[in-house]
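> Residues per chain, in single letters:
Number of protein chains: 2
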Amino acid sequence: MASIEKGGSIATLINVFTVAPENQQHLVDLLIQATEKTMGHIPGFVSASIHKSRDGVRVVNYAQWESEAAFEAMARDPRAQEHMKAVSKIATADFHLYDVADTFSK
Amino acid sequence: MASIEKGGSIATLINVFTVAPENQQHLVDLLIQATEKTMGHIPGFVSASIHKSRDGVRVVNYAQWESEAAFEAMARDPRAQEHMKAVSKIATADFHLYDVADTFSK
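Chains as they are written, first to last, in my numbering: chain A, 1 to 106; chain B, 1 to 106.
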């Protein structure tokens, strides 16, 4: 489970992958594997939540890092780059770092 | 606060807005206003979390609805359409409904 909260120093990475429907589940598996094997053990990792769109054409990784510096160190890690190379063969990624401006619950 | 959990019947709406940096804060304000005034009171609403990218060019609404039917009823609501019309003047939206495939926490 991950929590979305306003304020704090978390850097939220939202990575939106565009994928062909026949590759969607394979992409989900690659991202789960990458998180279990590598990303989840890198210092500064807080959480990662992998989402599949119901229409088959998107996958979103909603991830939280302790800081922008921790995210950048991960991105420079050769093991992380290896995973991202595999992913880039079947999907295009649009990733940005975010802050939570506000959150509302019922 | 919102929680991301695997399983369950929640329909997650991830709406990725592309915006010019000079309009980013205005878009955030419009989405907060829409949630406070309208979306948050529509049956089936669970949560909405508004995110601003640190590079200024994206805004993401990570929202949860009780079901796809609840989301669709909201999308047909004239008050919701009014808000979306205002938003569409300053941003383009890429929205899809998602399921959580898996979630990992430290």
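The set of hints was computed from the structure by calculation and includes no laboratory data. Values in this document were obtained by computation on a predicted structure and should not be read as measured data. There's no promise every hint is true.
Because identical chains share one entry, a pair is satisfied inside a single copy or across any pair of copies.
Calculated cross-link-like contacts (lysine-lysine; reagent style DSBU-like; alpha-carbon spacing at most 30 angstroms) [said to hold, decoys possible]:
1. K6 - K85
2. K89 - K37
3. K6 - K89
4. K85 - K106
5. K85 - K37
6. K106 - K6
> Now tell me if each hint is right for this structure.
Comparing the hints with the structure gives:
1. K6 - K85: between (33 angstroms within a copy, 27 angstroms between copies)
2. K89 - K37: within (19 angstroms within a copy, 43 angstroms between copies)
3. K6 - K89: Between copies only: 27 angstroms across, 35 angstroms inside.
4. K85 - K106: Classified as between; 24 angstroms across copies, 40 angstroms inside a copy.
5. K85 - K37: within (15 angstroms within a copy, 44 angstroms between copies)
6. K106 - K6: both (16 angstroms within a copy, 19 angstroms between copies)
When each numbered hint is compared with the structure, no violation occurs for any of them.
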